Structure formats: C-alpha cells, structure tokens
Amino acid sequence: MRTKLATLALGTAIAATPALAELTFTSLSYRTGPYAANGIPFADGYADYFTLLNERDGGIGGEMVELIECETGYNTEKGVECYESTKGSGALVYQPLSTGITYQLIPKTTSDGIPMHSMGYGRTSAKNGAVFDYIFNYPANYWDGASVAVRYLLDENGGSLEGKKIALVYHNSAYGKEPIRTLEELSEKHGYELSLLPVDHPGQEQKSQWLQIRRDRPDHVLMWGWGVMNQVAIQEAVNIRYPMENFIGIWWSGSENDVLPAGDGADGYKALTFHNVGSDYPLFDDIQQYVLDAGLAAGAGDQVGTALYNRGLYAAMLAAEAAKTAQEMHGTSTLTPGQMRDGMENLEMTEAKMTDLGLPNFGPEFSVSCENHGGDGYAAVAQWDAAAGEWGLITDYMQSDQDVLNPLIMEDSMAYAEENGIEPSCS
Amino acid sequence: MLYREAGDFKTSYSDDSQTFPIRFDRVAYYIVIGVAFLVVPFVVNDYWLNAILLPFLIYAIAALGLNILTGYGGQVSLGTGGFMAVGAYACYKLMTAFPDVNIFFHVIIAGGITALVGLLFGLPSLRIKGFYLAVATLAAQFFLVWLFNRVPWFYNYSASGQISAPERSVFGINITGPETEAWAAYLFCLVFVFVSAWVVRNLTRGAAGRKWMAIRDMDIAAEIIGVNPLRAKLSAFAVSSFFVGIAGALFFAVYLGAVEVGEVFGIQKSFLVLFMIIIGGLGSIFGSFAGAAFMVLLPVLLKNVLVGGLGWATDLAAHLEFMVVGGLILFFLIVEPHGLAALWKVAKEKLRLWPFPH
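In the order they appear, the protein sequences are chains B and W.
According to our numbering, the first sequence is numbered sequentially starting from 146.
According to our numbering, the second sequence is numbered sequentially starting from -4.
Bound-form chain B, shown alone:
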C-alpha cells in the first residue's frame, strides 16, 4: 500500500512539473477553508493582472508569464508542500498571503535564493534588508499600520490621546500579535490606555470580547482580523451598538466581504489601506477587454474592483514592475530568482510610472533599497458607505511614526541576525 502510493505519487510529481517558462510566478492562494472569502479576490486579482500582461503586451519585456497556482488553505503544512513543489519550476518570487507561511518560508527562501514579497503582512523587521536579503515587505507593514492608525486617531482627537482608551481586537496568532509591540510603545508616547482582546482561530466566537468592549466602552477599537473573524467582529460591534466611526480595522479587515453581512449597521466602519479602492482606473478597462470579455478571468470573475482584488492586482503589478527593473538592470529578458531580487531591491514606484500603467494615484510613491526593504510606510484610511456599497478614501496617505518604528525594527532584526548567525551587510 505504502510503496504503491509512493510510486504513484512520484510518477505524478514528475508529470506535474510544468515546462520551464521564461518568467514563472507562483500564487500560493487559498480558495478553500475559513479564510477563502478573503483569499479568493486576492488570488483572482493577482492572476488577472498577469493574464492581462500576457494578452495585451505579450508578457513582461517580451517574455510570457506563467502563473502556477497552489492551494494552501491558509495552512502552514500545505504551504510548505506548495513551496517545495513549485520552487523547482524557476519561480521568481513568492507571495504566500499568510503571516504564518511567511515565517515558515523566510529561512527557506533565503537559503534557496528566491525572493519573497510579503506585502503588508509577514515579519515587520524584514524591512531591514541588510539582515533579510531575500525578504521584502514594501510598501507598508503592520507596525506602519498601527502607527498610522494612531496618527489618524491623534488627528481626530485634536492632537492628543491623553487618557483615551483604545482596545485592540486581534487574531490570536503571529499575525494579530504583530502590532502589540508598536501600540504599547506608542501608548507610552501618547498616553492612551491600551487593552488587548485576543480572538482565537478562526474567530467565529467573539461574544466575550465584545461584552468586555461593551462594559469598558473604549474610545476607539482597532482590529487585526482576517477571514471570518472580520465579519463576526463587525456584526458584534453592530449588535452592541458600538459607534462604527470609532472602529478601525487594519487593511486585512477592510474588504467588502467583511462589512456586507452586517448590512446598514456597518455604515461608517473604517479600515486602513495602502492602495486605492474602486475600479475607476484606465487599467480596469483593459482588464474588461482582454481578460473578462475574453473569458480568461480567474475564478468566477465577479471580484473585479473589490478591495482585496485590487490588492492582489497591486501585488502582481509590483512584482511585474520589479521584473521589468530586473530586466533593465541585467540587460536580459529571462530572469533568475537572484536577478529578480536585484530588481525588487531597486524598485522605484513613482506617480508617473503608475499613470503610465493606467493606475494613477493607485498607491503611494516609494523606493526600495538594501537598507529599506519596506518602503516608506504610507497608508490611508478608507470608510465604508453602506448605502452606496463601496469604500472611499477619507484621508491622504499618511506616513507612520518612523522615529518610533525604526529603532524597533533595528532591534528585532538584529535579534534575528544574532539568533541565526547572519552578518548584516549591504554591498
């Protein structure tokens, strides 16, 4: 039985290895499990952008793009299996869309020499490229998110949070725990009182947390949630009649799926974002023409323009731009993962570039360098309009408090370097 299955598995594993395309990208997606509602739009956006490049431009720099999709179900073990099965195919960059899988893959990708881009998630201190050679987390990370949220609240409260109470409702995992450190540091600086309310995976049961919020009446609630946890939290907030405009989610808690189940009650809910919302961009006309009308859309094709679809699109766009940068740098159209890494490290996103791509004012301007793999930490606040059924930006992109964050990032990345015997260097 055992040997028979193993032989079969071997046979199929060999048969499954795809033909080596010129530019291979992987999408470790999750279209199943408790996080599928959020995983699907992201994966669709990611795939559609590459389909568009293939159909409209004939790939990137004349090389067709092959996208290999592998289902992780947001599960680290399956994530490892996906990574091992795809890394031999010449994959240029990994974007696992899971903080847990990111932590898993940081040492592996570094040792295999394949870059990983954890856009707005993963290990925050990977921003220090001197320690984390192959890991990128531009344009913003969780600590930026926490800091921007506090900065927004400062603006709301006339510049002072002295004596205010802020509650953090978070997914009790590596992902949810990331901002705690920053929020604690900022609470010392700004004098607010922080209370922590962990929610266990998958987050369907939050009665006690919201009962506590009802009792304590914090002035503001921040949320680090994902998947079904977001919907439940927003519904519970509606149930206890918590004022929605005082409730701010991280960018992973700000998609249509999260607010729609609560109906009109969710009106006024806010979430951070590091890219723009809606589908009112020239690029979306091309997507309509080359992808949707041609019947090549990934998934059901009904996610276009949603917050997470745009984020997947944005991630694919940044990957494609990094590939272009790498092609220019090395004067070659075919790329190795090492060359892709150089492209990512020298990536520069300017307004002119985004306008050229048909995405004017879609994301913040930033540039990547060896010392800074994380961009400049700009994020904006979006608000949900339940009547219109859409998100709208209510602020400009704001920068996080770099004075507080940089020492924290330095400290954490140096601790990692020491633990793993890495000599930090920028050559």
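Think of the hints as simulated: they come from the structure by calculation, not from any bench.
Treat the hints with caution; some may be incorrect.
[What the hints assert, rightly or not] Each computed DSBU-like pair below joins lysine-lysine, with the alpha-carbon atoms no more than 35 Å apart: (1) LYS352(B) / LYS124(W); (2) LYS88(W) / LYS232(B); (3) LYS498(B) / LYS232(B); (4) LYS334(B) / LYS352(B); (5) LYS345(W) / LYS88(W); (6) LYS469(B) / LYS232(B); (7) LYS498(B) / LYS469(B); (8) LYS334(B) / LYS88(W); (9) LYS334(B) / LYS309(B).
Quick caveat, the model's predicted, so the values are computed rather than measured.
Assemble the complex: chain B is given as a structure, and chain W must be docked to it using the hints.
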C-alpha cells in the same frame, strides 16, 4: 503460496515468539528497512522530504504513541495536538537554553517532559472512562494551546508569539534550520521512527502491553486478576505522551522549523492523528504506519493527479480532496471497522492459501 509456513520449523521459544514468524514477512521487513536506511537517503530530494517523507515519518510516531493509549490501553484521547505542542515547546526551550547539546538529546528530553505532562492529564482516567475521558483530554488540548499562546516565557518573549528552530546539528551535520540537507533530516527522523516502532512492539507484547490490553478489554476483570489499574493507566498515558512528544518535537524542529501553536497543534491535529489510528487499525503497529501513510499521502496524491496531471482548478481539486478523503474514511469504517491493518491481515490469509483456496 507466498506465505508458506510448511517447512518453516521453529526449534526454540525465542524463534517461535519473534515479531515476524513467517520467513517471507521477515525478508520483506529486512528489505524495507534496508531500502529505507541505505537507498532512500541517496535519492531523497527536498520535495519528497518535506511533502511526503517527513510528515509520514513524524505522523507515524504520533500515531504509534496514540495507539498505545487508545488502541492498546483503551483510553480515548483528544489531547494529541496539545501533547505534541508540549513536545515542540519543550524542544524549543531546550534548544535555545542549551545550544551546545546534541539535538538528539533535546528531542528525547522533550519526549520525557511530555510524558510527565501526559501523566498529569492522565490522572482523571482513574475515575472517568469513555466519552467523559475524551472530554477531559479535550480540556487538556485547549488548556495547553491556550497556555503556550498566553505565557510569553514559552516563546522566549518573541514579538509574534511564534517559535522558530535555530540551527542545530548532530556530529557537525545540520539537522534543523534552512541549510539542512534532505538526507540528514530524513535519517534523523527515520532513526526515531525505527527505534519507536521497535520499542512499542516490544512493550506491547510484554507484560506492560498485556496489562494495558487487559484494562482495555475489561478493567474490573483485569483488576481481579491482579493488574493494578492505577499503574497500567498512568503508564499508558506516560508512554503514549512520550512518543507523541517526540513527534511534536520533530514536527516543529525538523519538519516545519517555525510553529504557531494555535494553527499547527490545534484540535484538528488531535482529530487527524485519531483518524490515522482508526483508519490504520486500533492496537496495531502496522496500522499506525498505514494510517499515517493514508492520511499524508492521499491528499498529496490527489492534488498531484487533479491539479498537476489533469490541470483542474486548485479550489475544485481541494474541495474534491475533502470529499474523497472523507468518503474513503466512511467507506473504510463501514467495510472494515478494524482498519487497514485488518485488511492487510485478510489479504495475508488469502495469499497463504493462494492459488488453492480449498
């Protein structure tokens, strides 16, 4: 014809009580061991290691451990995930506290610590049985996961609450960390699997195993014939937790490298290992291996066939995988409630008489 006993005479008691009394079995066993130790290390690559071999080997140890408690001792446990977490966190604390000690000893000591914890949570088994005990071990599962998430000392105060395995070696060869060679990690786990299976086999056919089985079959009768239920039950919990702890330590240190307790050692892990021994066969060493192989290999095989071979959409394949695995579990439970081990036994009986069944 294959399993001929004719002419296979035993002339001593030790010959007669050996694990594989039939020569064909014995030869097959030696060949499997030989291939596993001498051939596989030379051909194994990263994909095979991380997608198939490591999970199979490690789950096999966990299944062996749970089989002692549930299969031989008759005490239903839903705390396997929690005990694996104890092994993982014990191993992590040891690895970071004593970096110069051989990782081999860390894993064994982690097993020992888990045995003590298992002993503690085994105490309720002296008063309660069956479903009620299952609920008590379920409490252990949730309590342990909560504890490792709640107390920062266990994860060395890291900001994310994750534990990640630093680089550790045996005789100068890396066993953990990203630079590990595939063959080294494989052999390290294989040694643990081999020794575990060997120890469990010899425990279960000796006095200890007979006591466990007596308790399982009827505890009052066992007590009357002189089996001390306190010792039998607690030793079953301790030995079982020892192996489960070793599995947890290997799962964290060698296989995953970084672990988040709620996600990796949650309740679904307890159920997974329980399914393994139920499908493989309760109270059977072979069953532990067969069950682990079934639950590890089938999803990978289905994924490779459906997505890689036939080019289906990944979500469709993943959903179908749930249905096929679930359907097969039901099928096996209805057609052969004693698991794959019993199927294997029937097949052996048939082979013995083949080709002349009458």
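We went through each hint and held it up to the structure:
1. LYS352(B) / LYS124(W): holds, 32 Å
2. LYS88(W) / LYS232(B): At roughly 32 Å apart (the allowed maximum being 35 Å), LYS232(B) and LYS88(W) satisfy the hint.
3. LYS498(B) / LYS232(B): holds, 30 Å
4. LYS334(B) / LYS352(B): Holds, at roughly 32 Å.
5. LYS345(W) / LYS88(W): With Cα atoms ~51 Å apart, LYS345(W) and LYS88(W) exceed 35 Å; violated.
6. LYS469(B) / LYS232(B): holds, 21 Å
7. LYS498(B) / LYS469(B): Between LYS498(B) and LYS469(B) the Cα gap is close to 12 Å, so the pair holds against 35 Å.
8. LYS334(B) / LYS88(W): holds, 34 Å
9. LYS334(B) / LYS309(B): This hinted pair holds, its Cα atoms lying about 13 Å apart.
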